[in-house]
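Build the full structure now, drawing on both the sequences and the hints.
Here is how the chains run, residue by residue.
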Amino acid sequence: MQMSLEKVSVRGLHTMTDLTLQEIDWILAEAEAFSEGMSWRPLNQLFVANIFFEPSTRTKMSFEVAERKLGLEILSFDGETSSVQKGETLYDTAKTLESIGANALVIRHPQNEYYEEIKSKLEIPVINAGDGCGQHPTQSLLDLLTIKQEFGTFQGLRVVICGDLRHSRVARSNAEILTRLGANVMISGPKEWMEGFGSLYRYISMDTAAEKSDVMMLLRIQNERHQQNNALTNEFYHSRFGLTVEREARMQKHAIIMHPAPVNRGVEIASELVESRRSRIFKQMQNGVYVRMAVLKRALEQNQ
Amino acid sequence: MQMSLEKVSVRGLHTMTDLTLQEIDWILAEAEAFSEGMSWRPLNQLFVANIFFEPSTRTKMSFEVAERKLGLEILSFDGETSSVQKGETLYDTAKTLESIGANALVIRHPQNEYYEEIKSKLEIPVINAGDGCGQHPTQSLLDLLTIKQEFGTFQGLRVVICGDLRHSRVARSNAEILTRLGANVMISGPKEWMEGFGSLYRYISMDTAAEKSDVMMLLRIQNERHQQNNALTNEFYHSRFGLTVEREARMQKHAIIMHPAPVNRGVEIASELVESRRSRIFKQMQNGVYVRMAVLKRALEQNQ
Amino acid sequence: MQMSLEKVSVRGLHTMTDLTLQEIDWILAEAEAFSEGMSWRPLNQLFVANIFFEPSTRTKMSFEVAERKLGLEILSFDGETSSVQKGETLYDTAKTLESIGANALVIRHPQNEYYEEIKSKLEIPVINAGDGCGQHPTQSLLDLLTIKQEFGTFQGLRVVICGDLRHSRVARSNAEILTRLGANVMISGPKEWMEGFGSLYRYISMDTAAEKSDVMMLLRIQNERHQQNNALTNEFYHSRFGLTVEREARMQKHAIIMHPAPVNRGVEIASELVESRRSRIFKQMQNGVYVRMAVLKRALEQNQ
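So the sequences go chain by chain: R, H and B. Be aware that the first sequence starts at 1, since it is given in the UniProt record's numbering, and climbs by one per residue. Be aware that the second sequence starts at 1, since it is given in the UniProt record's numbering, and climbs by one per residue. Be aware that the third sequence starts at 1, since it is given in the UniProt record's numbering, and climbs by one per residue.
To be clear, the hints were calculated from the coordinates, so they are not data collected in a lab. Be a bit skeptical, because a hint or two may be false.
[Claimed, not checked] Capping the alpha-carbon separation at 25 Å, the derived lysine-lysine pairs in DSS-like fashion look like this:
{"no.": "1", "chain 1": "B", "residue 1": "K253", "chain 2": "B", "residue 2": "K148"}
{"no.": "2", "chain 1": "B", "residue 1": "K297", "chain 2": "B", "residue 2": "K283"}
{"no.": "3", "chain 1": "B", "residue 1": "K283", "chain 2": "B", "residue 2": "K253"}
{"no.": "4", "chain 1": "B", "residue 1": "K297", "chain 2": "B", "residue 2": "K119"}
{"no.": "5", "chain 1": "B", "residue 1": "K283", "chain 2": "R", "residue 2": "K121"}
{"no.": "6", "chain 1": "B", "residue 1": "K283", "chain 2": "R", "residue 2": "K119"}
{"no.": "7", "chain 1": "R", "residue 1": "K283", "chain 2": "H", "residue 2": "K121"}
{"no.": "8", "chain 1": "R", "residue 1": "K119", "chain 2": "R", "residue 2": "K148"}
{"no.": "9", "chain 1": "H", "residue 1": "K121", "chain 2": "H", "residue 2": "K283"}
{"no.": "10", "chain 1": "R", "residue 1": "K253", "chain 2": "R", "residue 2": "K212"}
{"no.": "11", "chain 1": "R", "residue 1": "K283", "chain 2": "R", "residue 2": "K297"}
{"no.": "12", "chain 1": "B", "residue 1": "K119", "chain 2": "H", "residue 2": "K283"}
{"no.": "13", "chain 1": "H", "residue 1": "K119", "chain 2": "H", "residue 2": "K297"}
{"no.": "14", "chain 1": "B", "residue 1": "K121", "chain 2": "B", "residue 2": "K297"}
{"no.": "15", "chain 1": "B", "residue 1": "K148", "chain 2": "H", "residue 2": "K283"}
{"no.": "16", "chain 1": "R", "residue 1": "K191", "chain 2": "R", "residue 2": "K148"}
{"no.": "17", "chain 1": "B", "residue 1": "K119", "chain 2": "B", "residue 2": "K253"}
{"no.": "18", "chain 1": "R", "residue 1": "K283", "chain 2": "H", "residue 2": "K119"}
[Stated by the list, open to error] Using C-beta positions, here's what the derived DEER-type ranges look like:
{"no.": "19", "chain 1": "B", "residue 1": "N44", "chain 2": "H", "residue 2": "K191", "range": "46 to 54 Å"}
{"no.": "20", "chain 1": "H", "residue 1": "Q45", "chain 2": "R", "residue 2": "Y203", "range": "42 to 50 Å"}
{"no.": "21", "chain 1": "B", "residue 1": "R202", "chain 2": "H", "residue 2": "T233", "range": "39 to 47 Å"}
[Stated by the list, open to error] Which stretches of chain H does chain B cover? Using the computed rule of at least three CB atoms under 8 Å from a CB of chain B, they are:
{"no.": "22", "region": "60-71"}
{"no.": "23", "region": "89-103"}
{"no.": "24", "region": "141-150"}
Positions of the beta carbon are idealized from the N, C-alpha and C atoms, including for glycine.
Written as structure tokens, this is what we have:
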């Protein structure tokens, strides 16, 4: 590891708000190019450490595929079973991985904005794979890519974000970035889950959402984050706030369904709709690999 | 991932009964070629996901070595600590891995015939690495390879399968396939563990088994699957149903000993016999890598 | 795997005492060459199995980086969640990994001198990554490399080993090897933690240690190995036995600080000293990769 006296600007990715619209455009264009077969590999052997302090097999796997498609070496650090148990700080863990050779860190951590305490003290980029109830910027980017592939633009699109907004890492950042990009963002779901969103975005019923939206962006119910005695049964939730077969039948011809997965079948969405013609759920997963390739390339190519 | 409208036949491996004798011959010949140094690598970067819902370090490691010898990229999905805890179905997990780029899935799962609910809905092959108390076809294939290397044929061979047949994943499929291949299969062990076998195969005592067999195929006592209050002590089991030093001394000169490992030393087999001249136990492990290479090549070469 | 009838001498690494001073010199020279960009890769695909029966993310990661820099294939065997739970012996686990293709084993195990029961029965080298309260030879080697890079020699250097000597894997082997290499080794810390060292090395106070030493070699307090009712509070320990800012200010101009990490900030060492100009803590981590590359090359190059 070479330490320069003048610190070069390190192109990590912490939040969507750090990115200009031009940067977002550039990342989406790169991701699209990867989806069409573009290949990029660093000139030297580079290492990425995936540091996950919360279980998230899906996100981790997606980063792993992206990393291997770029020919990167992966260090997999499981924060739940590691020497972090010995009381090590996140900074010391990160610095250790930098010292042994990591050229970038991909981190998921339960603490909101964990990256604030480390980003300025490391010479290598940090890519945020989810911070507490904060952000999950590569998820936002894959959502944007999926919408852009479909509609070519964000301007004037009616996007309804439905469900468990309060516990979602992507609801807030998606709502903000889509608004910045010119979309008309609305919200739907149990009113008590709209905390922090109600004053900013128009609330509509699921029936209206189904009829009026271009994009139904369903969220996963984070059962693991809710209180035990959640009064809503799955059946009640589905009939009142879920995308039922009946509601789907009233959607506009061109409208699409999105969900970050894993899906609670029969709750947020009827099981038979998961792979229906409107669903972009598995397309989102494919796009996840491509946006992560783009974000990693952006972070690492200054090493060339 | 390219989806073709007409679904190509996907060459996974679910059970031994799916395979014709010609296909088995072909897999064994390929495995033998790999053992002699044959090399095969796909033209493009291909990904295999190893999805293990039960701990099985040995099988997983063997697949990993096979995969790396073929130059494949490995995605390692640990079903015990993953988002499956979030209630995801096996199908959704499998579909997710297909979506992010897996070209084949290797799955171990506690449910019998788990592959039935997913195989027709995926575009990529599923290789069964063990289903519940069902099958473990690559274990059967490595057993066949080991016998074939020794005797050149299965015709007329006396193979005694000894021990915990009822809980074994390979007892039934080995008995069936060896019979189809012309061997004379017999069984031995505690009679209450012969459930489902007694009417199909001749039962003989361990003393007779040792004297008459060409192959003593010992099984592991699955202590973890038995009731707590198992009345059999290890010493009693060994003297009555185990391969003791005394019994081994009465075996035919050319006869061999097999065991799928891990071995309970001093229970199924005397500790000093594990690496004796008749033992093919570590040879079986070596062969495990070669048959898995052959099965993976068969599954993946249609991607070329 | 080819088994030769005459067993070739297998160049594993079990303890520092196995190594002659010439061998140590050679390993340090190789490690130094790797740190300067030397590249070495085996001619064939070789596999190393990392077998960790105790959690040690840091050591494991360092070995992994070393292995990948050498282009080796890694088998990662987690002894805590594996089929060892099924009662398998260490020897059978090691033999299994050899059978499926491992060309070397890197083992951490809670039992002192675990390698004695396996080393003569395997055809492949065993590299000790820590045995119980025994040794951790690659840690010793990285400490030696760090000192040698600084001073060019060990002759006459005053090295004080401070802290939890009794529970340390490296205190004893470092004290012995530094003495063999001509250094003047002293000890400091709570007297009840000097058990087994007091009669061999001169005991000095931390104040004297700070003033007189060329190298302050701090050890980690192994809280996880101490009794629950440890009477020492962190604050008391730091003021009495830790490297405080005040003590550091009285160190000789050229003197350096070492620590195997992870650091208990504010206990063994003041937090602000961890990355101070004297600290070689992160340099040690970098050197860990290079000495492990040298040790692995030494173990594997006879396979060429």
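Hint-by-hint comparison with the structure:
1. B/K253 with B/K148: holds, 17 Å
2. B/K297 with B/K283: holds, 21 Å
3. B/K283 with B/K253: Given that 25 Å is the threshold and the Cα spacing comes to 19 Å, the pair holds.
4. B/K297 with B/K119: Roughly 19 Å between the alpha carbons, so the hint for B/K297 and B/K119 holds.
5. B/K283 with R/K121: Holds, because 16 Å separates the two Cα atoms, which is no more than 25 Å.
6. B/K283 with R/K119: holds, 20 Å
7. R/K283 with H/K121: Between R/K283 and H/K121 the Cα gap is close to 16 Å, so the pair holds against 25 Å.
8. R/K119 with R/K148: violated, 31 Å
9. H/K121 with H/K283: violated, 37 Å
10. R/K253 with R/K212: Holds: R/K253 and R/K212 sit about 11 Å apart, inside 25 Å.
11. R/K283 with R/K297: holds, 21 Å
12. B/K119 with H/K283: holds, 20 Å
13. H/K119 with H/K297: holds, 19 Å
14. B/K121 with B/K297: holds, 22 Å
15. B/K148 with H/K283: Not satisfied, since the Cα-Cα distance of roughly 47 Å exceeds 25 Å.
16. R/K191 with R/K148: violated, 29 Å
17. B/K119 with B/K253: violated, 46 Å
18. R/K283 with H/K119: holds, 20 Å
19. B/N44 with H/K191: 46 to 54 Å: holds, 51 Å
20. H/Q45 with R/Y203: 42 to 50 Å: Given range 42 to 50 Å: holds, Cβ gap about 47 Å.
21. B/R202 with H/T233: 39 to 47 Å: Check failed, 57 Å falls outside 39 to 47 Å.
22. 60-71: Satisfied; 6 residues make the cut.
23. 89-103: violated (count 0)
24. 141-150: violated (count 0)
Violation of the numbered hints given earlier is confined to hints 8, 9, 15, 16, 17, 21, 23, 24; the remaining hints are satisfied by the structure.
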